[in-house]
Amino acid sequence: MQNLYCYVDERGQDTKGKLFLVCVIILTKREKEDIEKRLSDIEKETSKGLLKWRKTNFKRRIAYLRAILKIKQLYGCVFYFCFENTKAYVPSINYALTRAILSKGGENYQTTVIIDGLNKKEEERVSKKLKTLKIKYRKVRGARDESSPLIRLADSLAGFFRDWKEKQPYTKDLYRLMIKRGFVKEIYK
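Using the numbering used here, the first residue of the sequence shown is number 2, and each one after it goes up by one.
In short, the hints are calculated from the structure, not lab data.
Here the structure is a predicted model, which means the values were calculated and not measured.
Treat the hints with care, as some may be off.
[Unchecked claim] Calculated pairs, DSS-like style, for lysine-lysine (alpha carbon to alpha carbon, straight line, at most 30 angstroms): (1) 130 x 45; (2) 19 x 33; (3) 19 x 73; (4) 30 x 168; (5) 173 x 19; (6) 33 x 181; (7) 33 x 121; (8) 56 x 137; (9) 60 x 132.
[What the hints assert, rightly or not] Distance ranges between label pairs, derived from CB positions: (10) 14 x 147: 25 to 31 angstroms; (11) 174 x 2: 38 to 44 angstroms; (12) 188 x 59: 26 to 32 angstroms; (13) 48 x 2: 27 to 33 angstroms; (14) 34 x 132: 25 to 31 angstroms; (15) 167 x 88: 14 to 20 angstroms; (16) 59 x 109: 26 to 32 angstroms; (17) 139 x 48: 17 to 23 angstroms; (18) 46 x 147: 25 to 31 angstroms; (19) 170 x 122: 38 to 44 angstroms; (20) 167 x 2: 30 to 36 angstroms; (21) 123 x 45: 15 to 21 angstroms; (22) 45 x 2: 31 to 37 angstroms; (23) 135 x 48: 16 to 22 angstroms.
In this text, a Cβ means the ideal position worked out from N, Cα and C, and glycines have one as well.
Work out the full structure, taking the sequences as your base and the hints as a guide.
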């Protein structure tokens, strides 16, 4: 059985439903262990550190993104979903998470789900929905951005994809490169 780890972050609640974006990163246990160390090193090298995406200046953002694009193990493990005109945030997270797991997990898997900022009540709602959808999970839990390099990566990529959707100039070439190389998959509803 393949053990998967899903790291999830979202953006857009401040738009009051106009735009809501979910980023899901799915890794095997081996990928997770290898990538965490590399991400910590990249955070130091690029001076991004533990900063949230919106507090990171553009020079550091670009350096960080260029560095993570060199981690080949991440290719095909990053998914993002864009929802418009909805305030159904938890159901949107459930939908994105389910689609990503089904596209990556195959038949014989079990997953641990870590979602940034999820409270206990929302953990129960997500767990219940995953069970209803027959998604095989071991645990669903909330996390804080500071807790792991992988949850910080999900935060950074969710921020980047929102910036791209909002047509911020620095994103154009980097996004094109991510798509061309197969680094990220945008999933449509």
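Hints and how they fare:
no. : hint                          : result
1   : 130 x 45                      : violated (38 angstroms)
2   : 19 x 33                       : violated (33 angstroms)
3   : 19 x 73                       : violated (34 angstroms)
4   : 30 x 168                      : violated (35 angstroms)
5   : 173 x 19                      : holds (22 angstroms)
6   : 33 x 181                      : holds (24 angstroms)
7   : 33 x 121                      : holds (24 angstroms)
8   : 56 x 137                      : violated (36 angstroms)
9   : 60 x 132                      : violated (42 angstroms)
10  : 14 x 147: 25 to 31 angstroms  : violated (20 angstroms)
11  : 174 x 2: 38 to 44 angstroms   : holds (40 angstroms)
12  : 188 x 59: 26 to 32 angstroms  : holds (27 angstroms)
13  : 48 x 2: 27 to 33 angstroms    : violated (40 angstroms)
14  : 34 x 132: 25 to 31 angstroms  : holds (28 angstroms)
15  : 167 x 88: 14 to 20 angstroms  : holds (19 angstroms)
16  : 59 x 109: 26 to 32 angstroms  : violated (43 angstroms)
17  : 139 x 48: 17 to 23 angstroms  : violated (35 angstroms)
18  : 46 x 147: 25 to 31 angstroms  : violated (19 angstroms)
19  : 170 x 122: 38 to 44 angstroms : holds (40 angstroms)
20  : 167 x 2: 30 to 36 angstroms   : violated (40 angstroms)
21  : 123 x 45: 15 to 21 angstroms  : violated (32 angstroms)
22  : 45 x 2: 31 to 37 angstroms    : holds (35 angstroms)
23  : 135 x 48: 16 to 22 angstroms  : violated (44 angstroms)
Going through the hint list in order, the structure does not satisfy hints 1, 2, 3, 4, 8, 9, 10, 13, 16, 17, 18, 20, 21 and 23.
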